[in-house]
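**Q** This is what each chain is made of:
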Amino acid sequence: MIERDLLKHQWLKQYRAPGFYKNLVVNILLSITGLYFAFILVGLGLLFPEIVKEVAPELAASDVLNGLIIYTGLGVLIFRYFMQSLNTVDQQPYQVLPIKRRTLVNYVLLMPLLNPFNYISLLFFIPVSITIVSKTYGAWGACQFVFMIIFMIWFNVLFATWLKRKYESTLWGTLFVMLIAGGIFLLEYFKVFSIFDISKISLHFLLSNNFGLALILILPLIAFMLNKQYFNENFYTEKFNRKVLSKHSHTGSNAFFERFGKVGEIIILTIKLVWRNKRTKSSLTISILFLLYGFLGYTGMYDDSKGFMFFVAMIVTGNFMLMFSQWLISWNGSHFDSLMTKSIDAREYISAQYFLMLFLNVIGFIITSPYFFFGREIVFLQIAAFLFNSGVILPLCMIFATLNTKRLELNEGSAMNYQGTTYKNFIFVMIIMILPSLIIAVANKLGIAHTVIWIYATMGLIGIMFTKQLIDLCTQMFLKRKYALCEGFRKKEA
Amino acid sequence: MIQANNLKKVYGGNAVLNIQSLTISDGESFGLVGNNGAGKTTFFRLMLDLIEATDGEVLIDGEKVARRDEWKKLVASYLDESFLIDFLTPEEFFSFSGKTYGMSDGDISLFLDTMQDFFNGEIIGTGKLIRDLSKGNQKKVGIASALLPNPKILILDEPFTALDPSSQIRLKRMLNELQATNQTSMLISSHDLNHVTEVCKRTVVLEKGFVVRDIQTDSETLKELESYFAV
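Chains A and B, in that order, give the protein sequences.
Going by the numbering used here, the first sequence opens with residue 799, and the numbers climb by one from there.
Going by the numbering used here, the second sequence opens with residue 59, and the numbers climb by one from there.
Everything labelled a hint here was simulated from the structure, so no lab data went into it.
Pairs of lysine to aspartate or glutamate residues, derived as EDC-like cross-links and limited to a Cα-Cα distance of at most 16 Å, are as follows:
1. A:1060 - A:1143
2. A:1289 - B:138
3. A:1076 - B:190
4. B:193 - B:138
5. B:230 - B:250
6. A:1278 - B:127
7. A:851 - A:861
8. A:1290 - B:139
9. B:281 - B:256
10. A:1290 - B:138
11. A:1060 - B:150
12. B:131 - A:1146
13. B:259 - B:272
14. B:131 - B:121
15. A:1289 - B:139
16. B:131 - A:1143
17. B:193 - B:222
18. B:210 - B:86
19. A:1278 - B:110
20. A:1280 - B:110
21. B:193 - B:216
22. B:122 - A:1143
23. B:210 - B:235
24. A:1060 - B:163
25. A:1060 - B:127
26. A:1280 - B:127
Pulled out of the complex, with its shape left as it was, chain B reads as follows (with noise of 0.2 Å):
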């Protein structure tokens, strides 16, 4: 369970995130959407302890966040470039994450067979490293190392954008199969909307750094968010 109290961060006297009180409860598929600036990478920051709230904090399993190790075993995450080890071979890559995790090398490979469609056999052994991947590619890499520890909670900043139709298809795929067998809490932004509400059973909506929308996902939220964010 995730849990967020009166969480604020403030830039020069911007508040960019406030957040009075917000609970993501085990197992739930929570989409984040949100215009550019809306807080939504800065809310999953403060969540990685990768910036220092301004004031409130974070909780996972009852755990503060903030400058502690112990939530690190229960999340995986992906939000841009700086999460991949460029001068890694995807191989080596994916191994060094898996051992992190306590994984062994079988169990690596085996799940590494899983991801061959995803991959399109463009990732696993051509000898690249990372950094001479494509975008596209590198962004693969990026969602795949953090299926691959089969994390409690899963962190996921636009996994959409920069995919392929197919492998967007395929992406969606995998995130349901994994909330319907892992009970995995899986937390995505998009400014897609057709794939948020298609993926999570709750979206929540931030504009300037407060939560405006919390609507469970049902056959009418898409129009609710289309007309929403409509100009």
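Chain A on its own, in the form it takes in the complex (with noise of 0.2 Å):
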């Protein structure tokens, strides 16, 4: 059994990577958050007739969970389009084997169905058979609905392959799915063509008839087939790896930084990495998603917790500031040794990074600004919050930079991706992220919630006038730790 095999191949290659050990923390860590998770995910299952009847009392649960299920299903495509890895063997030792091309192709596509994280909606949607559909559907009914989520979910994952493979997540298709799903979403809220209805009445002809089951596996095949379609055409790894061709490098834009001189010219290195590496890129992705955060956090229900509130507006206005400071330095591992041997000062090199950070942050809130249409409080919350993330956050961001000494490698994976994390990157997104707004939370109580953002928004303004000192300060610590950053980039991971 040549797929035994394979099988076998992926879980050692994962238990044998050199940082998986070390990086039993952040696993543990990450376990923890995903068990926190599912359990939101079993109460909201157990609670649902009882949210239903509190939000929508006119409606009856089983409607609206049947509504809801092409929505979720959408909602997780979507999902699934901008997170989720593409599962590759890494097929060259492979190809040349004596192993049929059929064997492969299989093992590659259905090898994610067996990742159990791909279930966990399950969680919910187990819950709910029982609360609901099996007191209008009966038990039969309530397990033919279960098998149809697990079918949905065959259908996500392969349909988010294909359409990964095809389409790839690039910036303008992000873009383009979001409109999408905009208008869906006016769509339905103008009562001009209601997918809530169309699954309402689908699911409920399903579920009635014993058929339903059938009809829904065809999703899945279908998306299988289509995968399978690609794969024919395209089975060489050369067309997988498509070369990026940059004929038409765009210097235009890079004028702005040319006239910085050397520390220009690092900027404009590190917006080319950014924008040529993967992994950079679809955080850029996701932090344009981060924008419309404050959509969530600042209408209506919160608006007496300040903490929150200040805690949005750090997200929202340093949002792309925030995404890529806890990259500082060690996106730079794998050409570190280039940068240090080059006639490049420490303190240049410093510079950049840091005006780099300034600069993202002073674009992130040019582009929030809008937000101030929600009332005076947010444009002073989103003032403040500005304030503070650039003179107080950024130089800890800096200086926590120099101690990661995890080489990142930027060319592979996407979002959900945690090589180059380790438990000290939690330890300080904790600290610099949530301890102010807890510090303004118990302020709130004491009602002094004002005085201390202003405090923040003072320290942020004394930051920001001693920029230059704040840079030598990183500089300093830099050189310190210079020799551990070296050796710590040199280190591969597998």
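Assembling the complex is the task here: the two chains are given apart, and the hints tell you how they should meet.
**A** Right under this line is the structure:
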């Protein structure tokens, strides 16, 4: 059984990766986060009837559930399109062995279906099938329902991989998908065209008929065939790793930074780094999505929780900076020796990183200024958060960056990729992101939240005024840590 | 002038480099040979301030190297792929490297013209990123980027491996010319004794971190080296 060997190799690859045990802490922290979500999902499933009664008392719980299924599917599909990483065997060593091509293709395609993470939504749907579906459609109906969900998961996994292989997740693709999603939402909202109703009717139909299950099974089969066909057309690896041809390197936009001499050159280099590496690029996409977080965070419900509001303001205005500041210095890991031996002063190098982050922060602040329409309080919060991010968080990130000696592999994987992440990152994020908001939350109880926010803003302003000194300080730190960084970056993780 | 004084590097209790005193004068071509683990790359890394010496120091023109930036203007180097910036095209990489040494676009393109034969049409204008080039072509890009700023001190680690025969010959010719016209100090390590004796006027043999031979190249050098390494 060659399939079994392939599975075994995959397993070995995971557990023999040099980073695996070192990353145990990270893995544990991730599992705790996972458990937390699992808990929430089960809870949601059990309480779903109550929630419906609360939110939409005029509707039957089973109708709401049926109506939401297509939306859930679409939502998860979009999420997968952005987040799911493609499963690849490092094909070349296998391609030269006498293994049937079909075996390899099937393996690549079906392997992700064995990943338990894909079935995490069942934690919601199984309780729901008991609390709601079984009441309307009986035990057999509930069984059918669960299997339908499983088939839909299969469809989602396979269809997302197909979309991703075929269209790749580019920035434009992202915007396109966001527009479509927005369009569907608006149509539903203005009652022009309701997917909710379609979903309700078709689910009801499928659940009341015994062949419903078979009908749904057609979906994953179609997705599987699409993938098969794609592989038949593009089996050779050279077609997978389409080389990036950058014949027209856009130099025009660089003119702005070129004025700043060597520091400007390093900034341009870093912009190219973000643009030309998979991982940084997909983070850029995600941070664009994060800009919308304000619509969730600022609207109504949390008005009196100042701590949370400030947290949202920090994330919204600073999201570009916060997203990339976790990778400062270590994103140069694969060519660190190059930067250290060229005629670049340590201070120039640090300044470049610092100013780029500052620049990103300013951009984030400008882009998110439409939130000002949400009221004066938001204006105040966003300006304070912007100052605090630029003057306090940024130097902290920079100093933290000198402690992170993990080499970052930028060219592989996309979102949900924790390579190069250590427990230090988690602790650091806790400190810089959560602690300030927590303090405000406490101050809010005492009625002095605004005073604390004023203090933050002032600290930020002072930090900005002393940028030069802070860069000096960061350079000192950097020089102290230089050899540790060099050594850390030389170690490749498999 | 490069001086190494009492230079020592210890990893986990093992001294991998232990040089009492070594001076490389201006314009000298200095070859470094030794089996794997002899400490060649460690020596170069210490010189480039990429690792911290356990003891002792490296001076370039009388100035300490460690944690300083001044020496960087004088030195250009290529040790391995981490000296490349792999998401750039070769043109962009040369332009970036050149600019850090204060060169203008004109200087850079003049230099690239002289490299045409060496590049063999496979590097400039192909639109490929460095990470998509073959190992040999990556090496060429690295070596060229070290030659580009016309440095006072040039450090190359095994420049001949992975190059095709014609390119090896061209590289040797370029290095010899550079030395005749520019008085560049060259530090070159190699596993190939032939190459070293052809390019370098002085050859130092390292073994387990110690300097065991220090010879001025003459007609007998190759034989002497061969007999030293014979098994």
